[in-house]
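Asks: So the chains spell out like this:
Number of protein chains: 2
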Amino acid sequence: MTNTNRRFVLASRPTGFPTPQNFRLEESQIPQPAEGEVLLRTLYLSLDPYMRGRMNDAPSYAPPVNIDEVMIGGTVTRVEESKNPKFAVGDLVLSTNGWQDYAVSDGTGLARLDNDMPHPSLALGVMGMPGFTAYVGLLDIGEPKPGETVVVSAATGAVGSAVGQIAKLKGCRVIGVAGGAEKCRYAVEELGFDACIDRHEADLKEQLAAACPDGIDVYFENVGGAVFDAVLPLLNVHARIPVCGRIASYNATSLPDGPDRSPALIGMLLVKRIKMQGFIIFDHYESRYRDFVKDMTGWLAEGKVKYREDVVEGLENAPAAFIGMLNGKNFGKLVVKVS
Amino acid sequence: MTNTNRRFVLASRPTGFPTPQNFRLEESQIPQPAEGEVLLRTLYLSLDPYMRGRMNDAPSYAPPVNIDEVMIGGTVTRVEESKNPKFAVGDLVLSTNGWQDYAVSDGTGLARLDNDMPHPSLALGVMGMPGFTAYVGLLDIGEPKPGETVVVSAATGAVGSAVGQIAKLKGCRVIGVAGGAEKCRYAVEELGFDACIDRHEADLKEQLAAACPDGIDVYFENVGGAVFDAVLPLLNVHARIPVCGRIASYNATSLPDGPDRSPALIGMLLVKRIKMQGFIIFDHYESRYRDFVKDMTGWLAEGKVKYREDVVEGLENAPAAFIGMLNGKNFGKLVVKVS
Numbered sequence: 001m002t003n004t005n006r007r008f009v010l011a012s013r014p015t016g017f018p019t020p021q022n023f024r025l026e027e028s029q030i031p032q033p034a035e036g037e038v039l040l041r042t043l044y045l046s047l048d049p050y051m052r053g054r055m056n057d058a059p060s061y062a063p064p065v066n067i068d069e070v071m072i073g074g075t076v077t078r079v080e081e082s083k084n085p086k087f088a089v090g091d092l093v094l095s096t097n098g099w100q101d102y103a104v105s106d107g108t109g110l111a112r113l114d115n116d117m118p119h120p121s122l123a124l125g126v127m128g129m130p131g132f133t134a135y136v137g138l139l140d141i142g143e144p145k146p147g148e149t150v151v152v153s154a155a156t157g158a159v160g161s162a163v164g165q166i167a168k169l170k171g172c173r174v175i176g177v178a179g180g181a182e183k184c185r186y187a188v189e190e191l192g193f194d195a196c197i198d199r200h201e202a203d204l205k206e207q208l209a210a211a212c213p214d215g216i217d218v219y220f221e222n223v224g225g226a227v228f229d230a231v232l233p234l235l236n237v238h239a240r241i242p243v244c245g246r247i248a249s250y251n252a253t254s255l256p257d258g259p260d261r262s263p264a265l266i267g268m269l270l271v272k273r274i275k276m277q278g279f280i281i282f283d284h285y286e287s288r289y290r291d292f293v294k295d296m297t298g299w300l301a302e303g304k305v306k307y308r309e310d311v312v313e314g315l316e317n318a319p320a321a322f323i324g325m326l327n328g329k330n331f332g333k334l335v336v337k338v339s
Numbered sequence: 001m002t003n004t005n006r007r008f009v010l011a012s013r014p015t016g017f018p019t020p021q022n023f024r025l026e027e028s029q030i031p032q033p034a035e036g037e038v039l040l041r042t043l044y045l046s047l048d049p050y051m052r053g054r055m056n057d058a059p060s061y062a063p064p065v066n067i068d069e070v071m072i073g074g075t076v077t078r079v080e081e082s083k084n085p086k087f088a089v090g091d092l093v094l095s096t097n098g099w100q101d102y103a104v105s106d107g108t109g110l111a112r113l114d115n116d117m118p119h120p121s122l123a124l125g126v127m128g129m130p131g132f133t134a135y136v137g138l139l140d141i142g143e144p145k146p147g148e149t150v151v152v153s154a155a156t157g158a159v160g161s162a163v164g165q166i167a168k169l170k171g172c173r174v175i176g177v178a179g180g181a182e183k184c185r186y187a188v189e190e191l192g193f194d195a196c197i198d199r200h201e202a203d204l205k206e207q208l209a210a211a212c213p214d215g216i217d218v219y220f221e222n223v224g225g226a227v228f229d230a231v232l233p234l235l236n237v238h239a240r241i242p243v244c245g246r247i248a249s250y251n252a253t254s255l256p257d258g259p260d261r262s263p264a265l266i267g268m269l270l271v272k273r274i275k276m277q278g279f280i281i282f283d284h285y286e287s288r289y290r291d292f293v294k295d296m297t298g299w300l301a302e303g304k305v306k307y308r309e310d311v312v313e314g315l316e317n318a319p320a321a322f323i324g325m326l327n328g329k330n331f332g333k334l335v336v337k338v339s
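One line per chain: the protein sequences are A and B, in this order. Position one of the first sequence corresponds to residue 1 (UniProt numbering), numbered consecutively onward. Position one of the second sequence corresponds to residue 1 (UniProt numbering), numbered consecutively onward.
A hint or two may mislead.
Any copy will do: because identical chains look the same in the list, a pair fits if it lies in one copy or spans two.
As the list claims (entries may be wrong) - Lysine to any residue pairs mimicking SDA-like chemistry, simulated, CA-CA at most 20 Å apart:
id : residue 1 : residue 2
1  : Lys272    : His284
2  : Lys329    : Gly16
3  : Lys272    : Gly53
4  : Lys170    : Pro118
5  : Lys168    : Phe282
Treat the hints as calculated values from the structure; they're not laboratory data.
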């Protein structure tokens with residue numbers, strides 16, 4: 001334990017893709033916990049696509065990160081000092097320290113983890129927010145039925161890999177879309193998807209159509225863009241589209257050229273009686289988190305759901321890893337090992 | 001009873017708005033019922049926006065009307081001759097004779113009406129398909145809660161007027177959008193809406209915003225176009241959009257100019273966790289029609305739901321009335337009194 005806390009603050013708001021210059025590494029004194037507070041040391045920092053939205057000064061489901069403020073983020077942390085009777089030194093805790101080594105907390109919003117958890121970073125991935133996102137979006141909005149065809153984009157990512165595997169457990173035919181042959185091979189051979197299409201292929205539309213001879217009943221939307229366009233003509237009557245993310249649009253500085261296709265999109269929702277529904281996982285903890293923990297714990301223990309992490313060593317590498325993720329360079333759930 | 005059956009067939013497919021030339025009035029012999037069949041004489045023909053879609057040779061939820069085929073349509077009819085033991089001469093029957101005086105039927109798909117029903121055309125309106133459309137779309141997809149704000153477009157039409165009144169019965173604040181001051185006055189003074197905005201006003205957006213100080217929780221979509229654009233920025237988190245119709249687009253021959261706003265639309269669905277769902281009423285008869293008949297019968301008897309019909313006399317006037325409806329010229333449920 002040194003005397004300093006390293007932290008990344010938002011130095012400037014990106015225009016289009018973020019650059020390293022949008023982040024600034026600062027050193028500050030380690031904060032001291034007041035009465036009722038704990039000092040938390042970051043073990044793992046989660047890097048997730050939603051953080052791109054928080055870098056914009058635009059209305060969204062949560063306020064933006066302010067300039068010079070520490071970048072937000074979910075973290076697995078250890079209690080390093082405690083002046084709160086509910087926490088003991090050494091406790092493993094899920095918190096939102098953000099992109100820094102240390103933070104103090106009065107205990108609000110902290111979730112205890114098993115202190116002897118063999119693989120604590122999973123609390124940021126398949127057992128955490130991304131896994132829960134997959135669970136709620138697929139089951140509650142996607143409502144998959146046995147024999148139906150489920151397509152998931154960003155198929156080897158933290159959310160997509162869980163979506164596809166849960167859909168397989170529910171008896172669906174599962175087609176992934178991912179970036180590159182290696183990810184596609186992994187989705188089929190390791191995760192058990194029925195097929196996976198490389199989104200970089202020029203004939204993405206044709207390949208997806210060939211892999212979905214019975215059309216698409218559920219499209220779990222993580223990316224938007226060309227993948228969404230390839231999915232649209234294949235949607236079946238009564239299809240469901242849980243809208244979880246649109247990473248292909250996050251760095252867009254303007255809308256695509258015309259014509260305006262939104263009337264055609266809505267017309268298709270009507271004629272095919274399609275449900276398209278956006279969701280943000282924070283709305284669902286109260287009603288569904290217990291179910292998720294119970295189910296996912298069982299699936300992991302039985303080896304029915306697999307996961308893959310992309311672990312980056314060192315907080316100093318967080319900006320590059322984050323920018324890489326927005327370009328699809330990560331392979332599996334991206335986490336930073338901070339200490 | 002004359003010897004001839006008058007019927008309108010589809011003479012040609014419209015490009016853009018239909019013209020009278022797209023329809024051809026023919027005379028044919030009155031068909032003779034075979035064993036097991038009945039001869040039905042049309043009393044009332046329903047004219048509805050969905051018919052425009054059937055005039056196109058495009059994939060939809062139902063096959064198009066073929067060239068030289070009788071225009072489809074719901075009808076209230078009397079049994080004129082019967083060789084089917086289930087029906088007696090004089091029985092009042094809901095059928096799909098289409099745009100003609102007579103048709104034969106083997107009984108499939110016929111629905112009996114009360115023979116002494118004082119106002120049989122209601123079976124084509126508030127007590128029929130449009131009323132049921134309002135009921136299912138609002139209650140099952142819109143899921144209105146007391147105190148929420150519901151906006152309905154085409155507010156004095158067959159569907160919209162029922163939507164707004166049912167929403168009032170459910171304790172909602174109801175804002176209509178309709179074409180013209182007279183319709184708006186009717187929506188407020190007769191139907192009990194809290195406000196109604198004239199869609200022709202240049203400051204539609206501002207007027208709608210002023211009428212919805214708490215935003216919009218349910219938008220019942222009948223029209224698309226400029227009304228949809230005015231609604232979009234006012235939608236609340238967790239809003240629901242039952243997509244029932246898009247009459248503003250039905251006669252479009254190309255998509256609107258760019259930019260392509262569909263990514264922005266989907267992004268908004270995500271950030272605001274909005275559900276947008278198309279539906280076609282034919283999917284819901286089995287599960288919900290009994291509930292509708294029970295509820296709507298009660299509401300009408302108690303005077304809680306009012307209706308307005310726009311009755312056109314004479315089958316020969318059907319094309320002009322239909323084209324007028326696509327221009328918003330009808331005021332209330334449009335029916336043709338055929339005999």
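Asks: Run the structure past the numbered hints and jot down the numbers of the failing ones, going up.
Replies: 4 and 5
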